[in-house]
Amino acid sequence: MSNLIKDNAIVADEWTRVIPPNLGEETVRKQAGKVVLFKLTGEETFSDEQIAATLIPAGKVLVPFTVWRANKDALANRVSQGEVGLLIATHEAIEDVIAEVKDINVFALVAVYVERFADGRIFTIGNLLRTRFGFKNELRAVGDVLRDQLFFLKRSGFNSYLIRADRNAQEALRSLTDFSEPYQGAVDIAQPAWRRTNR
Amino acid sequence: MYKYDAIDQQLVNERVAQYRDQTNRYLAGELSEEEFRPLRLQNGLYIQRQAPMLRIAVPYGMLSSKQLRKLGEIAKKYDKAYGHFSTRQNLQLNWPKLEDVPEILAELATVEMHAIQTSGNCIRNITTDQFAGVAPDEVIDPRTMAEVMRQWSTFHPEFALLPRKFKIAVSGTEQDRAIVQAHDIGMEFYVDAKGQTAIKVWVGGGLGRTPILGTVIREHLEWQHALTYCEAIIRVYNIHGRRDNAYKARIKILVKALGIEDFKQQVEAEWLHLKDNPNTITEAELARVGQHFESMPYETLPAHDSSFDSAIASNPAFAAWVKRCVHTHKQSGYRAVTLSLKPHGHAPGDITSEQMAVVADLADAYSFGELRASHEQNLILADVKLSDLLPLWEKARAAGLATPNIGLLTDIICCPGGDFCSLANAKSIPIAEAIQMQFDNLDYLHDIGDLELNISGCMNACGHHHVGHIGILGVDKDGSEWYQVTIGGKQGNDASIGSVIGPSFSADEMPGVVQRLIEVYIQERTPEERFIDTVRRIGVPPFKAHVYASKEAANV
Chain A
1 MSNLIKDNAI VADEWTRVIP PNLGEETVRK QAGKVVLFKL TGEETFSDEQ
51 IAATLIPAGK VLVPFTVWRA NKDALANRVS QGEVGLLIAT HEAIEDVIAE
101 VKDINVFALV AVYVERFADG RIFTIGNLLR TRFGFKNELR AVGDVLRDQL
151 FFLKRSGFNS YLIRADRNAQ EALRSLTDFS EPYQGAVDIA QPAWRRTNR
Chain B
200 MYKYDAIDQQ LVNERVAQYR DQTNRYLAGE LSEEEFRPLR LQNGLYIQRQ
250 APMLRIAVPY GMLSSKQLRK LGEIAKKYDK AYGHFSTRQN LQLNWPKLED
300 VPEILAELAT VEMHAIQTSG NCIRNITTDQ FAGVAPDEVI DPRTMAEVMR
350 QWSTFHPEFA LLPRKFKIAV SGTEQDRAIV QAHDIGMEFY VDAKGQTAIK
400 VWVGGGLGRT PILGTVIREH LEWQHALTYC EAIIRVYNIH GRRDNAYKAR
450 IKILVKALGI EDFKQQVEAE WLHLKDNPNT ITEAELARVG QHFESMPYET
500 LPAHDSSFDS AIASNPAFAA WVKRCVHTHK QSGYRAVTLS LKPHGHAPGD
550 ITSEQMAVVA DLADAYSFGE LRASHEQNLI LADVKLSDLL PLWEKARAAG
600 LATPNIGLLT DIICCPGGDF CSLANAKSIP IAEAIQMQFD NLDYLHDIGD
650 LELNISGCMN ACGHHHVGHI GILGVDKDGS EWYQVTIGGK QGNDASIGSV
700 IGPSFSADEM PGVVQRLIEV YIQERTPEER FIDTVRRIGV PPFKAHVYAS
750 KEAANV
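As given, the protein sequences belong to chains A and B, one line each in that order.
If you count the first sequence from 1, position 62 lands on 62 in the numbering used here, and the numbers rise without skipping.
If you count the second sequence from 1, position 72 lands on 271 in the numbering used here, and the numbers rise without skipping.
Watch out, some of these pointers could steer you wrong.
Once the Cα atoms are required to be at most 27 Å apart in a straight line, the calculated DSSO-like pairs of lysine-lysine come out as [as the list claims (entries may be wrong)]: (1) Lys474/B - Lys102/A; (2) Lys72/A - Lys60/A; (3) Lys463/B - Lys474/B; (4) Lys279/B - Lys393/B; (5) Lys279/B - Lys474/B; (6) Lys136/A - Lys474/B.
The set of hints was computed from the structure by calculation and includes no laboratory data.
Input sequences plus hints: build the corresponding full structure.
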């Protein structure tokens, strides 16, 4: 059974996630450098060799940003046919991604990959995609996506969630409605409680 | 104080249901330890040395008598009939069962209380001055804004999993009593040249492993933008704060690494996008929340009360208590009273269920049914008539709540330490008790005068030792407990971080070390000087020389 929740229902996942092959080398991890690169410290990235060796199958594919960038021209046609989704990691600077893709709405799907559920950068990235960069299509959380973060993800602009494979998506669905009247304005409900109702 | 409406109550009720379900899933093995950890922490539940510890939120320190009574009942029913007020104005239970926590939360919800975000990597309880609303030097009552910020920060989706904990303090007085400079964000309210409420925003302060006082990021912020400006700061932090090393993950490290100018530039750029979004506070919302914090229905009273004056003249014990525990009030004929939770030889900040019931009764009888917890770990009855002080004192004294030591050496600020906390390197409560017994002479204590002594059992600095006039830090050396001593720390407008006097001491040595520090002060002080003033004037060396001279002599 599918573990994908989209718009409050469990649906089949039509997308194939493209994962660059492990070439048996040591994992490349970004090193601590300038302070502005704090967020890159220790986080796994794909080497140029891995990216070059990545095979992109037919059909709807979810492609890591760096792989898409290396194959931009070859994929252009498939992008316009709505067959390419863009996968962004939480440590990738969203401004850089946007600068590279120009119009984010050419992608039918944007997914944000979270390696550890406690990595709350995913919330800011979702918020920025919706409120600043005007992304209108499906926004999906993938990776270590667990039930107890769903409410926050929904409020940060996500509308689909690929629940981690060993967890029950049916049960996870319930957490989307943990709270009925949130206090603050966010992406899904822009107005804070005191603007929505006569308190 | 703030009263819940249907929305507040529903949210807290839904939280109880959510946490009950999370606990059940954990107990059923459906959630791993690692997955349950942030969930329980964001509900104030730590797994400690001997039992879990539950930290219950006391928003900006305000409590009603009804709430305190309920806390006493809960402590009796689910714990060992006592609680501990922390340096963040919250109440901690040291012995609850993990399985009982959902029930405890359900009981708390009946009195408009919860444990939401009292721990974990999120925005924590917003703290302020314990004399908010009654202090003569107050410019703006910070509680209205603290409540607006409490609601905004509760389950803020974007900031649910920050790199590290995030503490905000607000203050609206001339003399800062909320240590705004030692918080991730400090908001200092003032009236600007146009007569409007404005905010001076401090960022990047914090104690802990790397003590740093905050820097002003914005001198003037219109109050309407308090939330969106915080969103800009925390968003920059959420994206750029380190997540690879918990010891370097606080916002202060990011601010230091980038430099305040660069950090500020990023925040201001972000704020351009966020400014005027729907979280911008309106006059109407400020008024709605503000009506909960209007002045109490005070009687019109003269500035003096003859029964009070004669009691002072005839009763030295009462007079001593008034001198230390009674504070000035903006309203004529009224005073604020601190009930000391620092009787000598007991764990600072601890209070029994029976005492909670007594304090609740006192609040009902003498202070409009409300009270506050201070970050110095005492309780405050904020609105007491002069004529009520004597009967209040008699009842408080009978309950062990009238030690006349507020602001004195034995009013020790102290974390739970190694007796309870699994993070601690060393015990802190026995050190506090030993020092209190060393100075268990009230005349001597009053002669020493104003002195803040803070003890933390580890570098996480829950006892705020860096800003203690005397700070004591428990350290681990090869598996045994040692204590490092700093002097010259201070909270307030002229806050400073204390300096280490030298190599650390064993627990047995500590009362003697404090004694010798006091000896230097007594020797060197001018008539008007407090301990901290003398330290600032003559510096650390004379203190160091005397403390270690006697240490060496003792070792010969």
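Hint check results:
| no. | hint | verdict |
| --- | --- | --- |
| 1 | Lys474/B - Lys102/A | holds, 25 Å |
| 2 | Lys72/A - Lys60/A | holds, 16 Å |
| 3 | Lys463/B - Lys474/B | holds, 15 Å |
| 4 | Lys279/B - Lys393/B | violated, 54 Å |
| 5 | Lys279/B - Lys474/B | violated, 49 Å |
| 6 | Lys136/A - Lys474/B | holds, 23 Å |
Checked against the numbered hints above, the structure breaks hints 4, 5 and satisfies the rest.
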